[in-house]
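A.B. asks: Residues per chain, in single letters:
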Amino acid sequence: MIKVYTSSVIDAPADRVWARVRDFNGLPQWTPFVAESRIEENWPADRIGCVRNFRLRDGGTIRERLLTLSDFDYECSYSILESPMGVENYVATLKLTPVTDGNRTFAEWWAEFDCPAERERALAEQIGQGVFQAAFDSLKKALAR
Amino acid sequence: MIRVRRSVVIDAPIERVWAVLRDFNSHSAWHPAVGPSEIENGEPSDQIGCVRSFTLKDGNHIREQLLALSDRDHISTYCILDATLPMRNYVATVRLKRVTDGDRTFWHWESTFDVPRGREREFDQLVGGGVYEAGFAALAEYLRRDGRADSRSTASRSTAPVESRGVVARSFGGPDVLQARRLDSPAPGSGEVRLRQTAIGVNYIDVYIRSGLYRMIEPPAAIGMEAAGVVLESRAPGFNAGDRVAYACTPPGAYVTVRTLPASQLVPLPDDVSDEAAAALMLKGMTAEYLLHRLHRVKPGDTVLVHAAAGGVGLLLCQWARALGARVIGTVSTEAKAALARANGCEHPIVTRGNTFAEQTRRLSAGRGADVIYDGLGRDAAQENLGALAMRGHWVSYGQATGPLEPLSLGAKSGTFSQPVLFHYTADHLHQMAGRVFAALRDGILRPDVRHRYPLAAAADAHRDLEARRTSGQIVLLP
Numbered sequence: 001m002i003k004v005y006t007s008s009v010i011d012a013p014a015d016r017v018w019a020r021v022r023d024f025n026g027l028p029q030w031t032p033f034v035a036e037s038r039i040e041e042n043w044p045a046d047r048i049g050c051v052r053n054f055r056l057r058d059g060g061t062i063r064e065r066l067l068t069l070s071d072f073d074y075e076c077s078y079s080i081l082e083s084p085m086g087v088e089n090y091v092a093t094l095k096l097t098p099v100t101d102g103n104r105t106f107a108e109w110w111a112e113f114d115c116p117a118e119r120e121r122a123l124a125e126q127i128g129q130g131v132f133q134a135a136f137d138s139l140k141k142a143l144a145r
Numbered sequence: 146m147i148r149v150r151r152s153v154v155i156d157a158p159i160e161r162v163w164a165v166l167r168d169f170n171s172h173s174a175w176h177p178a179v180g181p182s183e184i185e186n187g188e189p190s191d192q193i194g195c196v197r198s199f200t201l202k203d204g205n206h207i208r209e210q211l212l213a214l215s216d217r218d219h220i221s222t223y224c225i226l227d228a229t230l231p232m233r234n235y236v237a238t239v240r241l242k243r244v245t246d247g248d249r250t251f252w253h254w255e256s257t258f259d260v261p262r263g264r265e266r267e268f269d270q271l272v273g274g275g276v277y278e279a280g281f282a283a284l285a286e287y288l289r290r291d292g293r294a295d296s297r298s299t300a301s302r303s304t305a306p307v308e309s310r311g312v313v314a315r316s317f318g319g320p321d322v323l324q325a326r327r328l329d330s331p332a333p334g335s336g337e338v339r340l341r342q343t344a345i346g347v348n349y350i351d352v353y354i355r356s357g358l359y360r361m362i363e364p365p366a367a368i369g370m371e372a373a374g375v376v377l378e379s380r381a382p383g384f385n386a387g388d389r390v391a392y393a394c395t396p397p398g399a400y401v402t403v404r405t406l407p408a409s410q411l412v413p414l415p416d417d418v419s420d421e422a423a424a425a426l427m428l429k430g431m432t433a434e435y436l437l438h439r440l441h442r443v444k445p446g447d448t449v450l451v452h453a454a455a456g457g458v459g460l461l462l463c464q465w466a467r468a469l470g471a472r473v474i475g476t477v478s479t480e481a482k483a484a485l486a487r488a489n490g491c492e493h494p495i496v497t498r499g500n501t502f503a504e505q506t507r508r509l510s511a512g513r514g515a516d517v518i519y520d521g522l523g524r525d526a527a528q529e530n531l532g533a534l535a536m537r538g539h540w541v542s543y544g545q546a547t548g549p550l551e552p553l554s555l556g557a558k559s560g561t562f563s564q565p566v567l568f569h570y571t572a573d574h575l576h577q578m579a580g581r582v583f584a585a586l587r588d589g590i591l592r593p594d595v596r597h598r599y600p601l602a603a604a605a606d607a608h609r610d611l612e613a614r615r616t617s618g619q620i621v622l623l624p
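Keeping their order, the protein sequence lines are chains A and B. The opening residue of the first sequence carries number 1 in our numbering; numbering runs sequentially from there. The opening residue of the second sequence carries number 146 in our numbering; numbering runs sequentially from there.
Hints are all accurate, no fakes.
No more than 20 Å apart at the CA atoms, straight line, and that leaves these computed lysine to any residue pairs for SDA-like:
1) A:95 to B:218
2) A:95 to B:255
3) A:95 to A:69
4) A:95 to B:159
5) A:140 to B:247
6) A:95 to B:246
7) A:95 to B:240
8) A:141 to B:247
9) B:202 to B:337
10) A:95 to B:150
11) A:95 to B:247
For the record, the hints were derived by calculation from the structure and aren't laboratory data.
This is chain A alone, in the form it adopts within the complex:
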């Protein structure tokens, strides 16, 4: 089991950032790598247990299940059901915390998963930088004041 942790500071109030990221079906609106997304079986995107099915710009398809969603803690977590990445037992959490100094947001995103030992380094880089940090960067741009 390895853990990947990425955190950043977004120059917007936490409620604004949360409004953007809490939509489990909203990845195409704020990440650079998701082309389209839908919630299976027409469930609401904030119903625990719902599954998002999204297509990456590079063509791959990923299915993820919503495990927790807290408007109180600005936190959500999800697991991967199917993906082309070759990971097992993948659970990720995205969490926001207000920074009172400057009314900004401290954003954390981490994942734990299993994979073959020789792929750990590459996957950690791909997920930590290619996914989480890249998503934070586009959030920063989208919410710039």
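Please build the complex by placing chain B on the supplied structure of chain A, with the hints as guidance.
C.D. replies: Frame of chain A, contents of chain B only:
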């Protein structure tokens, strides 16, 4: 219950920020609101359960206990044990998180506590703004300076002595041995501070030291035990140039314009305590504090006998003992001093030139006598004090104006005799003692009455007037 939360992003790696914050006693080095701080009982600052005892720059005193510390999660949790602020059930947590984007640190500081109704907003601002936000900015600056605690003063630090003028006793003797001289103040060493003094207190002990009764100097040497002033240079954590401070300590040497001394002797002055009040109150106020609250705990209904009730310590003892609910009897030398003592809480001033007061004391206390006698008179009043003492009473000899006491038996009264020294109390309790004096001043319990001001160079005149009993209240010298 109120909850205060503040957070910030510090532009330094988490390891550097945590190295400072995990040290439970580091706050005096970087937090601008924190004065001197120490971990009690010499414990290490990462010992779970250790207690830090510190003074805020506003004069408040706080004891906090470390409840939890995690190097893995970068969390420190602590609570307030005692504070001179009305905060109850205060528990705070400092938590750091790594900002991988830019190798910075997210710092979250949060607490919950109770305050008196209606003061929630005030305390949210005091704790959230005055402590947490001020701490954020100061730690960031501290890290920018590379953790050099005294680098602000380093910039202007000189190793040269600073010219100072002082009053020395040329030899042991009368007031005439006092002489104004140039006395340079050495550059502060590590843990020391150099002050420009603004007001100096005069005490009867200064007379004893000048005359040689107490052998505390080798003439020629400056005398004087207390003063207030402003920090010129500091090589001690918790003190910065410009801070207002006061002290009362040994060795003598306070009759000077600039003085260098160990920071451990200094107390930060709250904004609402003037330099003159501090110079007048440090030694005499802390004397009253330990006499009434530590050596003997005066209770409502106690009969207290205060000698020289219109003197510097006497007036403070009368004010404070009365506020504690005691019946206060005092001795004075003139009717005018009796009126002054009465106006300061002494219910029954006894005017006596010949130290005769035992019978009156018994009469004024329905035959019982004094439960505690605060005696600065010494030899000539000894028999009368024994006569004035209540059964199982406490005779406290804290000065000997008429000469040293000779051994005598207290068996007839089952009496307790104490011969305390202020500095043996301040050695361990300085900040608590000064804090209680400042609080009593704020509450109007202690009302210093500086009636006599002399230029520093005229210290001999002050001594002449003090010895001739021409003064009352407190005396200060102004540099």
